[in-house]
Amino acid sequence: MKIPLSWINDYVKIDDIPIDALRQRLDLAGLEVGGIEIIGHTGAELPWDPEKITTAEVLSVRPHPNADRLVLAEVDYGGPEREIAVTGAPSLFARSGETGLHLKVAFAWEGATLYDGHAEGWTQRKLKATKVRGVLSRAMVCSEKELGLAEEQTDIIYLPADTPVGVPLVDVLGDYVLDFDIKGPFGHLQSVFGIAREIAALYDRPLRRAPLEAMGRLGLRAVAQPDFLELVIADPDLCPRYTATMIRGVEIAPSPLWMQMRLRRAGMRPINNIVDITNYVMLELGEPLHAFDYADLNARPDGDQPAIIVRRAAEGEPMTTLDGVPRAFDGEMLLITDGAGPVAVAGVMGGLDSEVADTTRDVLLEAASFNFINTRRTSQTLKLFTESASRFGKRVDSELAAVAAARAAELMADLAGGVIDPVMGDLYPGKPEPRALHFDPALADRLLGVQIPREEQRRILTALEFELAEGADETWAARVPTYRLDVERPVDLVEEIARVWGYDHFPHTLIDEALPPLRRNLSLEEEARVRDLLVGLGLDEVITYSLIDPADEPRLLCRPEDGATSGDAELPGEPVTLLNSLAPERSHMRRTLLPGLLRTAASNLRFLERVAIFEVGHVFYRAAPPDPESGETGVAEPRRVGALITGPREGRWWQAADRAPLDYFDLKGVAEGLLEHLALTDRADWRRGAHPAFHPGRCAEIVVGERVLGVLGEVHPLVREAFALPEQPVVALEWDLDALLDAARAADAEKEVGMISTYPPVYEDLALIVDEATPAIDVQRAIVQAGHPLVTRALLFDVYRGPQVGAGQKSLAFALTYQSPGKALSEKDVEKLRGRVIKKVEKALGAKLRGG
Amino acid sequence: MSLFDDLEQVYQTAQAALEATESVAALESWHADYLGRKGAVTLQTRSVGQLPKEDRPAFGQRVNAIKQALEAAHEARARVHKRAALAATLAAGAVDVTLPGRPVAPGHLHLTTQSLRQLYAIFAQMGFEVYEAPDVELEAYNFDLLNIPAYHPARDMWDTFWVDPSSPSTSEGIEGGDEARLLLRTHTSPGQVRVMRERYPEPIRVILPGKCYRYEQITARSEHQFYQVEGLAVGRDITMTDLIGTIKQFARLFYGPENDVRVRSSYFPFTEPSIEVDTNCTLCGGKGCRICKYTGWIEIAGAGMVHPVVLDNGGYNPAEWSGFAFGFGVERPSLTKYNVADIRYFYGNDLRFLRQF
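If you read the sequences in order, they're chains Y and U. Sequence positions in the first sequence follow the working numbering and run 1 to 852. Sequence positions in the second sequence follow the working numbering and run 853 to 1209.
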């Protein structure tokens, strides 16, 4: 909301306060100034030199002796002599030959910096004395464009007739436009007067209330049924008040410069005097107004005068709004109708057919009060966002309607020559009861933690127009001003006291209470540990978007044609999808981390040759209907850990580097590192997995106890292709983090720390021939089991297939370590142990000792 | 020439020859030549029989002394040779120490994770425990219970992603009626009511971190996904000055001991009174720059005293309890601290960006 400071100054004198100090005070009091546009003053994009750009008066205009399109203006600039300015301004050209003029203008001397009025955009240039077709010109009469006040170069600017001559222009037209960024539903702050009222309270200065007092000045009388209109409020729940004021015989014309300038500085486009006045009063007082052309309003079939009927729309009822869009309304939308049909969407926008036009003579001025929730709903449903709807949507005081109507009528009489009907139609079925709050000033002490003296509290509330009466036990009854619709509870008064008193006066303390019972957030600590471990294992952490492309699920499952459904074992539950999304690629909450990792890898591989990443985060699926009673959303949000690696194993280097692509076993190594740190090496079961996202022969399922942790494997070539990844192995894993951490916690609780033996170990290699289908892990486990506890390690170091072992067979070579905690093993001990191991693997797995 | 003289002669020759050895191999042959089984000194012992009986012990002793002396000299000489050989090997083994080391690929924690940890650590010192709440929320928790009823103008402050109540895979859907509308939380504040309902009647001191979502066009300055950390303290006697003090404490720990805070009045539906807290602009130090809009201050938190309606919804009687709440953006401090031009870098996950932290 943009407000020129000069306008505020009409109601509360503040032009003596430095602008920075004012801004600071407003900011701290909750009237946040988002920005300041400086016009003419120091700091403006075009400061107006007070010496060189002044007011002046054009006294006469005569033709240029040597040019057809130029004239010579005789100007009184307040100096001892008259100055002749050469100009081509259309309005002066039209007056060529006239004398005895008194045209107040903006006048610039040589040396002044102005915008070039004839150049595209904004080009500053310094005014130089030149001879124009033989006549010396040292000064010029300025246009709005040249002063930076308008984008279009039209005519010169004319100042009000009472403007003094020879004063700096900046004192007349200079300004600061404050752009207020007021959060919250504060109808009373949506106007120049409202802001002025706040400033008056903040600075303890008098407030000029004249704009509120037009009713009395005009001697207007409010009646429910005026003789020029039949007034009906059919739905008083949505329309607590409707006033109609009649202004006859107006002359439609442009509004005066000062009004146009204020409207423009406030960000509105001037249209004509009647429309401008409704906008001006809306900006001034915060009450949206609507002007109907009285001649366009129809009577009811049985009536003898035009009617205004405020009612809910019939379902689907049509009307074309001012913006030329035909619209249909639903049964909850409030319409202003006449005897024939709708003429406006209440509080939102007028209808095209009853708009004020150049031919309008009699204006019916609407000032009403509408239910703010309903107005907002209508505005949002129709996607019709207007200044009016925005203000009504922030709650407007119903008392303001008649006040604003009178103010606008007064301006229409003054500026458009209208005659005001002394009777105002005013139906007010929803007049609110006066409100008073029982306020105990001790509440302020209790909540604020600082003692603001009672007298100060009283002064602040009184300045904000709360009327205080003494209650029992040093409490007050605070009568709430009608416009303070935001004030509902005593605590709201505490805020008023605090913000006006000033938070900069508050001391700083720390909570002086016993700590609540402390709890440890173990799950968060463990999650942090997993992140640290994976970082330690060389992976970069990423955090991807929770919202993904729903098509990424079928892509991941290798069946883009069929789509993913809740029947897919890999994707649990129902997906959480959005009703409103920014883009299809962000319309679906992820049920798996893999698409995010695959997309992150693909985008990074454009710039990097090697990507090794992980993510720890939630996935989302609907598991049950929501239950508002218990607060259950019905959405499961389990934590997962995912990882992905691809690219060469080592970066290029000046010595030989291992440039082979990272493969299944690289990521398995990382996974094993993680499991090792979590004491899960012996508990984790690696099985052949079957997940459609992975290479069918290079996918493992990892199980701890009864729980499946998840999968690890080389991404299926088709999936790789679907995610636009290059043709190189991409290996990924996705595990259930909660399952992993539960297992780790159990493992830690049951951990048995083995003694460290000091007796010499015996090392021995053993090659075993087994069926191709026998998993290496089974052989390894059988060895360890058979040799327990003396076989302390069985490390697989070679896998051989070939003629020496025969078709369908493989040789697995293990490096064994025998060691006893209690003695040095003898040759005989080792022999016995070896025998036991071999017998076990022969019996359990049909293994044969190679070369045995 | 007596045998004694011969012996001394051999000794001197041996010493001279030892001095002349230039290599380990020469040294070994010297040893064979003089101290080996047929070495010159060894052979001297054989001539002992030619001496008169009384001279024999003296001769024997002298031979042994010479042998020992030569062995010792040999060892010393050998050490010199080994040193020299080692020095030569080392010299030959010199590398260009400026050559790059073998590349290891160290992992990095995401910038947001690092920021969150800093916040956790600072608030842990002040007794705030981390409490986590869901990302997908009931409308009631995100809005109504926080004193933001439907269509209330305050809702304009949050552009919301709404969850489709129908089910894509079955015809029946999993609707629970209008009261059960789901959305993606627009802020971490829903956790306030959740933690209050869970902990009543204990006093509370928690921070609520998490991902939040807003239906906003994605630009360099706004993202549809971001992190917040919310703080909540509920007790018998919690005050606005406590709130301001707590945030000031935080600002000093997070931004540096010289940092100050400035408190402005503001509006949030779930706090009353509401404030916003600024700290000295981290970029210009308060002198005024583009980032702080030339005010010298940057906003770090929205905060306030928990609204009585919210306390009540959490089960705490506002006549007996009071509380404060505050909320921080997690990305914002990094954005200003490192002058990051584009918030999309955070979750775009360009590793070239993330590896800088």
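Worth flagging that the hints you see were computed from the coordinates, not collected in a lab. From the three backbone atoms N, C-alpha and C, an ideal C-beta is built for every residue, glycine too. Please note that the accuracy of each hint is not assured.
To be verified - Residues from chain Y that keep clear of chain U, each with C-beta distances beyond 10 Å, as calculated:
hint: 1; residue: Tyr158
hint: 2; residue: Ile182
hint: 3; residue: Pro517
hint: 4; residue: Pro554
hint: 5; residue: Gly631
hint: 6; residue: Gly634
hint: 7; residue: Arg687
hint: 8; residue: Glu752
hint: 9; residue: Asp778
hint: 10; residue: Ala794
What the hints assert, rightly or not - Simulated pairs of lysine to any residue, SDA-like, Cα-Cα distance not exceeding 20 Å:
hint: 11; chain 1: Y; residue 1: Lys383; chain 2: U; residue 2: Arg1007
hint: 12; chain 1: Y; residue 1: Lys2; chain 2: Y; residue 2: Gly43
hint: 13; chain 1: U; residue 1: Lys1145; chain 2: Y; residue 2: Pro80
hint: 14; chain 1: U; residue 1: Lys1139; chain 2: Y; residue 2: Pro80
hint: 15; chain 1: U; residue 1: Lys1145; chain 2: Y; residue 2: Leu510
hint: 16; chain 1: U; residue 1: Lys1145; chain 2: Y; residue 2: Thr577
hint: 17; chain 1: Y; residue 1: Lys104; chain 2: Y; residue 2: Val135
hint: 18; chain 1: Y; residue 1: Lys13; chain 2: Y; residue 2: Phe180
hint: 19; chain 1: U; residue 1: Lys1063; chain 2: Y; residue 2: Ala636
hint: 20; chain 1: Y; residue 1: Lys843; chain 2: Y; residue 2: Ser811
hint: 21; chain 1: Y; residue 1: Lys183; chain 2: U; residue 2: Asn999
hint: 22; chain 1: U; residue 1: Lys1063; chain 2: Y; residue 2: Thr577
hint: 23; chain 1: U; residue 1: Lys919; chain 2: U; residue 2: Leu961
hint: 24; chain 1: Y; residue 1: Lys183; chain 2: U; residue 2: Glu1068
hint: 25; chain 1: Y; residue 1: Lys840; chain 2: Y; residue 2: Gln804
* **Hint check against the structure, violated hint numbers in rising order** => Checked against the structure, the hints that fail are numbers 2, 3, 5, 6, 13, 14, 15, 16, 17, 23 and 25, while the rest are satisfied.
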